[in-house]
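Student: Protein chains in written order, with the working numbering: chain D, 3 to 122; chain E, 2 to 372.
For the record, the hints were derived by calculation from the structure and aren't laboratory data.
Do not take every clue at face value.
As the list claims (entries may be wrong) - Quick list of in silico lysine to any residue cross-link-like pairs, SDA-like style, CA-CA up to 25 Å:
hint	chain 1	residue 1	chain 2	residue 2
1	E	LYS147	D	VAL30
2	E	LYS113	D	MET3
3	D	LYS105	E	GLY88
4	E	LYS57	D	LEU87
5	D	LYS105	E	MET93
6	D	LYS4	E	LYS62
7	E	LYS53	D	VAL91
8	D	LYS105	E	PHE128
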Amino acid sequence: MKILVCDDDETMMGMIRFKLSRENLGEVTTASNGKEAKAILQVETFDLVITDIHMPFHSGLEIINFIRNDLKKETPIIVLSAEGLENTVLQAFEIGANDFISKPFSPAELAVRVKRILKK
Amino acid sequence: MLWLEKLINGEILTSKELTIITIALVFFSAGFAFIVTLFLSRIIKSHLQGQKKKIKSKFQKMLNALVINETFSTTEVPDSAFEFRMGEIRSMLGSSNFARQVLIDQILELKKNLSGSAVHVLTATYFALKLEKQSLRKLRRPAWRKKALGIRELSEMNYKPAIPAISKFINSSNQMLREESVMALVRLNTEQSLKFLDIYSGVITPWMQINIHHYLQKSDLRKLPQFSRWFSSNNVSVVLFSINMAKHFRQSSAIAPLLLLCHHPEKKIAEEAIDALGELEAFEHRENVVKLAPKYWEDAGISVKVLQCLAKIGDPYQDTHILLEFLNHKSYDVRFEAVKTLKKLGVSTQQLSAFPTVKGIVDHTTEPLLQ
Numbered sequence: 003m004k005i006l007v008c009d010d011d012e013t014m015m016g017m018i019r020f021k022l023s024r025e026n027l028g029e030v031t032t033a034s035n036g037k038e039a040k041a042i043l044q045v046e047t048f049d050l051v052i053t054d055i056h057m058p059f060h061s062g063l064e065i066i067n068f069i070r071n072d073l074k075k076e077t078p079i080i081v082l083s084a085e086g087l088e089n090t091v092l093q094a095f096e097i098g099a100n101d102f103i104s105k106p107f108s109p110a111e112l113a114v115r116v117k118r119i120l121k122k
Numbered sequence: 002m003l004w005l006e007k008l009i010n011g012e013i014l015t016s017k018e019l020t021i022i023t024i025a026l027v028f029f030s031a032g033f034a035f036i037v038t039l040f041l042s043r044i045i046k047s048h049l050q051g052q053k054k055k056i057k058s059k060f061q062k063m064l065n066a067l068v069i070n071e072t073f074s075t076t077e078v079p080d081s082a083f084e085f086r087m088g089e090i091r092s093m094l095g096s097s098n099f100a101r102q103v104l105i106d107q108i109l110e111l112k113k114n115l116s117g118s119a120v121h122v123l124t125a126t127y128f129a130l131k132l133e134k135q136s137l138r139k140l141r142r143p144a145w146r147k148k149a150l151g152i153r154e155l156s157e158m159n160y161k162p163a164i165p166a167i168s169k170f171i172n173s174s175n176q177m178l179r180e181e182s183v184m185a186l187v188r189l190n191t192e193q194s195l196k197f198l199d200i201y202s203g204v205i206t207p208w209m210q211i212n213i214h215h216y217l218q219k220s221d222l223r224k225l226p227q228f229s230r231w232f233s234s235n236n237v238s239v240v241l242f243s244i245n246m247a248k249h250f251r252q253s254s255a256i257a258p259l260l261l262l263c264h265h266p267e268k269k270i271a272e273e274a275i276d277a278l279g280e281l282e283a284f285e286h287r288e289n290v291v292k293l294a295p296k297y298w299e300d301a302g303i304s305v306k307v308l309q310c311l312a313k314i315g316d317p318y319q320d321t322h323i324l325l326e327f328l329n330h331k332s333y334d335v336r337f338e339a340v341k342t343l344k345k346l347g348v349s350t351q352q353l354s355a356f357p358t359v360k361g362i363v364d365h366t367t368e369p370l371l372q
């Protein structure tokens, strides 16, 4: 399984990568901004994308749009954001996110959600 | 380079030439010193950043192992295992304050984004490594930024013994420091989160109000203090804040003291008190509000508040006559508010149109396109 984690917070990204690797959920690739994420997504195919909403260059919502509309891929997407505003959550789901986790979150919960999505 | 030739030939320079040379030399030396300082500061900065990155990645591995490893994040954590990890981090930290600060920043960053057992592990790590001492030391630093940073760290880590030390900054001349210490005290002093209001002499800014209100909303509402306790404060800002909070948390026990505040010499306090009476639906004290109308007739701002209050608690049968008088008020704002209030109390548009002073206002309020 290949997972892409996009977050501009290096500490958080490291933590997520560590948790997913520890749970043997697959090979984790990271992108620290929207531009990097788009570049990686253009050349590689992933089984799951975990993205933050607020990132430099392109937001998480733009990444979802890019995957669904430009790449025309059905890759499952989990949105991870400190912004739990109803509108943002709804917008993320409307444009194609599969799950939304608001920060602060429990790493164990994230792992469970990732497992559930990957099983499908 | 005439002066240079003169110097070579051993001739004496004129005083003008000497002055110019001296100024040029001073200017050149200052420029050179500035460039060297700039260059050095860049080198030091990049060196520190490199160091920070290196230390950060080391700590990251340790923290990941601590937070993610289920062995450490459950209640069945063997103390020896946790202590072993702490020993490892301690040896990495050595006596370096810089490394300690990097670790504190990382712990706070993770704590902000994580929940559940991970937070307990991070808090335990902070205290096991006695990092609170580093945060407390910052409170003694001369720079306000450092002090504020220390306060933020102690408050984020919920270190209650720091309350007396933080309280010292509550009336600091620096606004940022004042705000930071107030917010820290609200968070730390859970039993008496608003005790700072007793001694606070500064202004409660909108930012502070929003944050305190946000915090109070999340706390146990049954334990909220009676905000009327601060209605007699000498600090106008504290009184206004207390009225606002009493209004937001619908403390009906504040109604009687609010009636007294309606006569406060400070106009803003009187306005807020009248507004609060309306919001708290003090129907039984309607007459007291009506009596305020003649008292504040000359003050358009308070008159508007009286009208807005009566729109909420006024009696359509008994108050109409006094409200009709406001239709002839010299202030347009008051006349406008009077029309709105009377309409809310059920007075018909036809009746209102009979008053030539408010005909335009009535037309405006009944305009279907504006409804």
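Student: Going through the numbered hints above, which ones does this structure break? Give me the numbers in ascending order.
Tutor: The structure breaks hints 1, 2, 3, 4, 5, 7; every other hint is satisfied.
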